[in-house]
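Asker: Chain by chain, the residues:
Protein chains: 2
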Amino acid sequence: MSPDVTLGEFEFDCGESVPDLRLAYEAYGEFTGDNAVLVCHALTGSHHVAGRRRRDDTAGQAAAWWDDIVGPGKAIDTNEYYVVCANVPGSCYGSSGPLSEAPDGEPWGTDFPAVTVGDWTRAQRRLLDELGIPHLHAVVGGSVGGMNALEWAKRHPDHVDRVVPIAAGARLDAQCLALEAIARRAITTDPEWQNGDYYGEEPALDDGPTQGLALARQIGHVMYLSKASMEKKFGRRSAGMDAARDSFELDPAAGFFPYREVESYLDYNGERFAERFDANSYLYLTRAMDSYDLAAGYESDAAALAAFDGELLVVSFTGDWHFTVGQGEELAEAGRETGGRVAHHVVESDHGHDAFLVEPEHVGPPLADFLADGITGRAVTDTTETDDGGDFAPVHTSLFSR
Amino acid sequence: MSPDVTLGEFEFDCGESVPDLRLAYEAYGEFTGDNAVLVCHALTGSHHVAGRRRRDDTAGQAAAWWDDIVGPGKAIDTNEYYVVCANVPGSCYGSSGPLSEAPDGEPWGTDFPAVTVGDWTRAQRRLLDELGIPHLHAVVGGSVGGMNALEWAKRHPDHVDRVVPIAAGARLDAQCLALEAIARRAITTDPEWQNGDYYGEEPALDDGPTQGLALARQIGHVMYLSKASMEKKFGRRSAGMDAARDSFELDPAAGFFPYREVESYLDYNGERFAERFDANSYLYLTRAMDSYDLAAGYESDAAALAAFDGELLVVSFTGDWHFTVGQGEELAEAGRETGGRVAHHVVESDHGHDAFLVEPEHVGPPLADFLADGITGRAVTDTTETDDGGDFAPVHTSLFSR
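For the protein sequence lines, the chains are E and P, in the order given.
With the working numbering, the residue at position 171 of the first sequence is 171, and numbering never jumps.
With the working numbering, the residue at position 48 of the second sequence is 48, and numbering never jumps.
A few of these clues could be false.
A short list of chain P residues far from chain E (calculated; beta carbon distances all over 10 angstroms) [said to hold, decoys possible]:
#: 1; residue: 2
#: 2; residue: 11
#: 3; residue: 27
#: 4; residue: 63
#: 5; residue: 68
#: 6; residue: 79
#: 7; residue: 80
#: 8; residue: 103
#: 9; residue: 104
#: 10; residue: 125
#: 11; residue: 159
#: 12; residue: 231
#: 13; residue: 268
#: 14; residue: 302
#: 15; residue: 339
#: 16; residue: 379
Okay, the calculated beta carbon distance ranges per label pair [claimed, not checked]:
#: 17; chain 1: P; residue 1: 157; chain 2: E; residue 2: 232; range: 25 to 35 angstroms
#: 18; chain 1: P; residue 1: 192; chain 2: E; residue 2: 337; range: 45 to 55 angstroms
#: 19; chain 1: E; residue 1: 232; chain 2: P; residue 2: 372; range: 34 to 44 angstroms
#: 20; chain 1: E; residue 1: 51; chain 2: P; residue 2: 384; range: 55 to 65 angstroms
The hints are simulated quantities; they were obtained by calculation from the structure and are not laboratory data.
Given the structure is predicted, the values throughout are model-derived calculations rather than measurements.
Using N, Cα and C, we set each Cβ at its ideal position, and we do this for glycine too.
Could you build all of it, start to finish, from the sequences and the hints given here?
Answerer: What follows is the structure in structure tokens.
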């Protein structure tokens with residue numbers, strides 16, 4: 001099991017409080033006073049960033065989810081940096097959330113306060129205080145973890161030198177908001193959800209509306225892949241007779257049609273996910289992502305970032321339609337507007353949003369060099385360096401936004 | 001009510017039969033021997049193509065769905081052409097399908113045979129025989145209706161002079177197959193589905209798993225719009241307090257967050273759709289679309305089209321990711337390969353797949369001119385005419401495929 005800390009009473013942005021916020025976290029390397037790097041996990045990730053051994057507390061894709069990037073001699077080199085990652089409040093891997101125990105001894109369920117990315121950031125700040133880390137060399141995060149990193153630049157601009165949002169943006173667009181909303185409805189319309197009050201005597205990750213949660217995850221998988229990567233990975237191929245077709249009850253007429261590889265992939269991964277993640281946490285964390293808006297409380301994204309005078313590396317992927325290259329460029333533009341030192345490093349990739357997890361060979365080098373040398377790092381490129389940088393600019397006219 | 005015909009015993013591609021296939025259809029204009037145009041409706045459309053008055057049998061978007069295109073003096077001019085449209089077998093607007101009465105006096109439900117686009121085409125051929133129409137001037141269809149049009153060129157190449165697939169392709173790609181599969185699971189996991197046996201004493205369109213069907217439709221709406229059109233139409237705006245938030249039970253934590261316009265749109269349209277469409281038909285028709293492959297039984301798309309020596313107009317839309325411009329170009333290439341007279345007319349549009357319904361001003365002129373003069377029609381353009389035609393070519397390297 002990972003260490004955890006209890007941070008006392010914590011008031012969430014929504015105004016509600018819990019009497020004693022618990023955070024599960026993991027730390028790697030040795031703290032030397034100026035080498036702390038905070039890693040922020042994505043929606044369904046955990047504090048368990050790296051190290052493929054042991055662990056009962058995380059599983060599947062939440063376990064050692066960035067082992068290719070974080071470790072001794074890797075891009076975020078734990079021989080050099082002291083790396084900390086905390087499971088965010090509202091999640092289900094040891095930190096306080098719907099699955100954890102409320103003061104009455106029962107799981108919180110949906111009585112747990114609504115959480116925001118701002119809450120995560122404030123909780124991380126308190127964790128670092130506990131650990132005696134006043135200042136961060138860097139905050140790095142992918143997807144909604146990238147929003148979490150941005151929130152550090154906005155909320156604690158003097159506490160961090162370098163910020164790296166990867167496959168992220170200042171806010172979700174309407175298309176992604178729609179898909180997230182549908183995914184939540186798949187959970188809440190599952191009769192097993194029971195208004196969030198579905199936990200058994202020994203509350204477990206696989207309690208509750210497993211079919212609805214599996215459906216929600218299936219929608220997520222489509223968002224995380226690109227059209228091209230799905231075509232390459234699955235095409236229209238039949239999964240063959242061996243493939244389990246029993247995850248979901250299918251319509252009787254289905255018998256005449258093939259069970260395709262893409263369905264088999266979705267069913268398998270949906271089912272596995274429902275075993276390892278709490279459905280209420282999925283509702284909470286997607287709401288936090290949906291509601292995040294870098295500009296909230298400010299005039300603009302640029303204004304929100306104005307007080308941060310560290311360096312910003314935005315990493316985006318050409319095949320990502322969850323957070324597009326256009327959104328990455330908007331973010332970089334916002335950083336540049338107030339004279340910030342910013343690089344927008346675009347990775348050519350067909351892997352879609354998942355690229356930040358599955359292309360360590362393209363993410364590692366710019367990340368390592370940025371941590372060492374900032375935006376002048378050797379492997380770091382910037383869209384302003386190339387003639388066609390303008391192609392990436394405004395999301396509304398970008399091809400990616402169609 | 002529309003006319004309907006009973007066509008006697010009909011054996012489906014799956015090998016099962018119904019004793020007396022019924023087709024509801026609509027005809028507009030006067031038949032003069034060589035002026036018949038068959039219109040093929042999309043997934044959830046009906047035979048009721050045009051004419052905004054009367055009608056108890058179709059509603060919502062199924063009613064007069066192409067009234068901007070079909071009618072006196074319109075692009076498909078009913079003063080000139082005899083226009084026929086039939087509700088496809090498996091649908092729920094009067095033709096035989098799961099909702100219709102089986103020989104035992106009960107609704108067929110999922111005992112109705114699986115249907116294919118080939119079945120639709122053969123049924124249409126028999127309907128035209130009944131009506132005394134041996135030969136068609138043209139077959140026109142949008143989305144899966146475009147696949148239906150292609151199937152005419154493949155199956156009855158000598159019975160039609162001009163074929164117009166609009167916002168269509170030779171087959172669905174893996175990304176769309178995935179979303180369709182998830183949509184079906186939303187229906188079959190709704191406990192009200194009851195293995196398809198959900199009809200009341202007086203079977204009606206709104207019987208059954210309305211929440212699952214609404215969710216399926218919500219997924220469809222995302223597929224029919226583009227990223228850009230959703231951003232413009234909804235952005236991240238809150239729907240305001242007036243918006244009904246009661247279509248779906250929401251998680252209690254939702255109270256802290258806005259109910260957004262995009263959610264309100266999805267909820268409203270999902271609910272309306274569940275009132276007007278049969279859930280089993282949705283399963284049947286999406287399976288027909290998913291399984292369609294122009295090349296089936298042939299070496300290639302080109303081989304499947306080789307016997308057709310009429311003219312082919314492929315119309316595609318730049319913002320459509322359900323059937324991309326790249327897929328349109330692949331189709332046109334297949335037609336060109338065997339020396340066919342083909343034009344691929346690309347419409348610049350941010351409207352996504354819906355463009356074929358909502359941009360009559362861009363669809364009408366090339367369609368009208370093609371019906372009159374073939375690919376030499378004045379408003380018809382072709383990708384081979386422009387230098388950048390190559391940009392549209394192979395779907396795998398197209399930006400749209402990312």
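Asker: Where does the structure disagree with the numbered hints, that is, which hint numbers, in rising order?
Answerer: 12
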